[in-house]
Amino acid sequence: MVKAMQIKVGNPLRKLVLLKLADNASDQGECWPSYQYIADQCEISKRSVMSHIDDLCQSGLLKKVFRKGPKGNSTNIYILTLPSAGDSLPSAGDSLGGSAGAAPRISHSFEPVNEPNSLSGREGFMSDAAKERMGLPTGTGIPFPAQFKPSAEHIAMAAEKGVSIETELLNFRDYHLSRGTQLIDWNSAFRVWIRNARVNPLAKRGRAEQETPHWNSREGWEDFL
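Position one of the sequence shown corresponds to residue 1273 (this note's numbering), numbered consecutively onward.
You may find that some hints are simply not true.
[What the hints assert, rightly or not] 35 Å max Cα-Cα, derived DSBU-like pairs, lysine-lysine: (1) LYS1335 - LYS1280; (2) LYS1336 - LYS1287; (3) LYS1287 - LYS1318; (4) LYS1421 - LYS1287; (5) LYS1336 - LYS1421; (6) LYS1280 - LYS1421; (7) LYS1340 - LYS1280; (8) LYS1421 - LYS1335; (9) LYS1318 - LYS1335; (10) LYS1318 - LYS1280; (11) LYS1335 - LYS1287; (12) LYS1433 - LYS1318.
These are computed hints drawn from the structure, not numbers from a lab.
When you get a sec, could you build the whole thing from the sequences and use the hints?
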């Protein structure tokens, strides 16, 4: 656990996932919590957990092994490969390191490995309570994520509001990048942005005219027949 806290991974949410894995690891550096268990404990989305675990594996800090259970289902086994304290991201050939915590706390929540590899976004949420439990500074957020994409909920809200999701995303991004904003939950912030977006009256009028049938059309004559 001490080694994990001293390693720099370049992303606060990824660091949180690494700390949670180290907290669950045995003396041999092994643990097998499910994606959902880590997501619940870190208070981030399941997709974020999957993404950060893949990044930790690529950086050489973690190895993921697939093992078959007694009923034939597969389980992810995670093996921490932490370098010496103070080192930066290691190479893939570094030696295996253990966890420096007390008695191992291992989650027995097994999960099949039929998880999708392609992720549409790497958004996440981390509350101050989660930061306090993991020993991280509270009251701070993260900059605007480069991979931020509107969710299905955002798109539906923009359509109902009558605004362009592409335009609102560009305005939202430029506004916060120009100010160096750091937020805890960018998804919620974008929902508020869309909710407060101003509707272009000309665009709204154009849509209304398109929805009204021409007087000399079949639909227009139906009122007189």
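*Keeping to a limit of 35 Å between CA atoms, is the pair of LYS1336 and LYS1287 held or broken?*
holds, 17 Å
*Is LYS1336 close enough to LYS1421, meaning Cα to Cα at most 35 Å?*
Given pair LYS1336, LYS1421 holds - Cα atoms ~28 Å apart, limit 35 Å.
_Given the hinted pair LYS1280 and LYS1421, is their Cα-Cα distance within 35 Å?_
holds, 26 Å
*Is LYS1318 close enough to LYS1280, meaning Cα to Cα at most 35 Å?*
Holds: LYS1318 and LYS1280 sit about 22 Å apart, inside 35 Å.
*Are the Cα positions of LYS1340 and LYS1280 separated by 35 Å at most?*
holds, 33 Å
*Regarding the pair LYS1318 and LYS1335, is the alpha-carbon distance no greater than 35 Å?*
holds, 19 Å
*Measure nothing beyond the straight line between the CA atoms of LYS1335 and LYS1280; if it is 35 Å or shorter, mark the hint as holding.*
Roughly 18 Å between the alpha carbons, so the hint for LYS1335 and LYS1280 holds.
*Do the alpha carbons of LYS1287 and LYS1318 lie within 35 Å of each other, as the hint requires?*
Roughly 15 Å between the alpha carbons, so the hint for LYS1287 and LYS1318 holds.
_With the threshold set at 35 Å, check whether the alpha-carbon distance from LYS1433 to LYS1318 stays at or below it._
Holds: LYS1433 and LYS1318 sit about 29 Å apart, inside 35 Å.
*asked:* Tell me if the straight-line CA distance from LYS1421 to LYS1335 falls inside 35 Å.
replied: Judged against 35 Å, a Cα distance of about 29 Å means the pair holds.
*Are LYS1421 and LYS1287 close enough, with their CA atoms no more than 35 Å apart?*
holds, 22 Å
*Keeping to a limit of 35 Å between CA atoms, is the pair of LYS1335 and LYS1287 held or broken?*
The hint holds at about 16 Å.
Of the hints listed earlier, there is not a single one the structure fails to meet.
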